[in-house]
Structure formats: structure tokens, C-alpha cells
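**Student:** Chain by chain, the residues:
Number of protein chains: 2
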Amino acid sequence: MEKNPKVIDLGAMTPEQMLPGLTRRYASGEQTTVTLFEYTTGGVAPMHAHRHEQVSYVVRGRLKATVDGRTFELGPGQAVLVPPNVPHRFEALTDALEIDFFTPARDDWAAGDDRYLRILGST
Amino acid sequence: MEKNPKVIDLGAMTPEQMLPGLTRRYASGEQTTVTLFEYTTGGVAPMHAHRHEQVSYVVRGRLKATVDGRTFELGPGQAVLVPPNVPHRFEALTDALEIDFFTPARDDWAAGDDRYLRILGST
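Going down the list, the protein sequences come from chains H and V.
The first sequence maps to residues 143 to 265 in the working numbering.
The second sequence maps to residues 143 to 265 in the working numbering.
Hints are all accurate, no fakes.
The calculated label-pair distances, taken between Cβ atoms and stated as ranges, are:
#1 Thr213/H x Gly153/V: 18 to 26 Å
#2 Gly211/V x Glu215/H: 41 to 49 Å
#3 His190/H x Glu172/V: 18 to 26 Å
#4 Lys206/V x Arg231/H: 36 to 44 Å
#5 Gly153/V x Met189/H: 20 to 28 Å
#6 His190/V x Met189/H: 35 to 43 Å
#7 Phe214/H x Glu172/V: 17 to 25 Å
#8 Arg193/H x Gln159/V: 32 to 40 Å
Simulated from the structure, these hints should not be mistaken for laboratory data.
Ideal Cβ positions, reconstructed from N, Cα and C, are used throughout, including at glycine.
Just need the whole structure built from these sequences, with the hints factored in.
**Tutor:** Encoded structure:
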């Protein structure tokens, strides 16, 4: 929770290994969280939903996004808007870098609640 | 204002010329706006402030950000968090691509109020 300007050096953060083929780096402001998800081919962020509105933008590589039962293939320059409480899943078709923005900030992650990114049961 | 999932093909949008050396492509969800600002060297987004919390992430190139009187030089993988109502300015040190995320959504832009990005007086 920050009220001051700050530089967020996401590129210099140590990637946190989540599921195989998926790492995470993130930082939060007062109302927002910005995240780099880096995938190797086949990496998956399993189906889940949350109260936060989400924009996922592909910086490089290709991702298959499944959102509310619809499937989108995304490449560099493309993003998908995920409204609050809508189930979604990402799968890397190639090595890929995705930048995610959330509002409100991910207080669930801050509280350690990110099991859905660590357990393969529901991919 | 969208409540449904949608693909935002920012890369395929026609860049909107703002000030010289600065183009904009953007789309909004219900609570968020995502924007690609593309600069040529020397391009400037003049000093301004707004009620939206902002994260500006550098995809490529180098930018000088002045936020609340502090200056930061940013490169790829780096972002700056701009809290609400804090004056800020960006200047491109090289050709650069910046992705900005705002919350709440930029209803001011939607209403046509973006003169600060079109008038050089206060750079």
C-alpha cells in the first residue's frame, strides 16, 4: 500500500516459481497490482476467479486465454480484459511474457492466498 | 464500460497522434484503462495530474519520468507508480513504448478531455 511515487523494477526482481513453467513478479500500489507472469511453453495459470478486474497484456510469445468459457489466442500487443469474478485460465503456446494489471490491489496475494497458482488440480 | 470479457488488440489499433513524438492507443474496462504510449526520441507527455492511480511500465526504450518533483530514468522491465493527484511528466530519451494502466477508468479521456496531451504550453 503506497501513497508515494515509486519505481517498481519488476525486471530486476527474482522471479517466484509458481507452477512448473510459470513464474511471477509483482508489486502493488494503493489500488492496483502490476504483475509479470513469465511462462515456458505449456505453462499454465489454472482456472480461477477473483473480485479484481484484470487486464492481461502479452509482451512476447503466444498465450491461449480461456475466459468465461470463451477461448482467445493472444500475441504481442494483444490483451484480454477479464471482468471481476469471471473464471479464467492461461496456457502458454510458446515461451511468453504477460503483464497483468489488477484493481483493486491483490490483497489476497499479500495475505499469502495464491494456492490456485501453486496447485495443479484444477488446470 | 465493459462487463464482458473482450480482447483488446492494442497493437492493431491506429495510433492517435497527440503531441509531436507521442501517440496513444487505449481501451477501457469498467474500472480500468490500458494504454500504449509510443514515443519517438524527445517526445513528451507534459506535466499533469489526475485522480487516477497510474502504473507506467516501459516495454522498450528509455524514459525520464518526473513524478512529484523526483526524476527517475526507466528502461525495459521498469515501471513507476504514480499515486492519484500527483503531478507527473514523461520524456523519451530514446524511441520508447510505455504501457500505462489506470484506475478508475479514464472517463475524462472518454469525454474528450485530454488537452494536456495535445498542447505544448506546460511541458
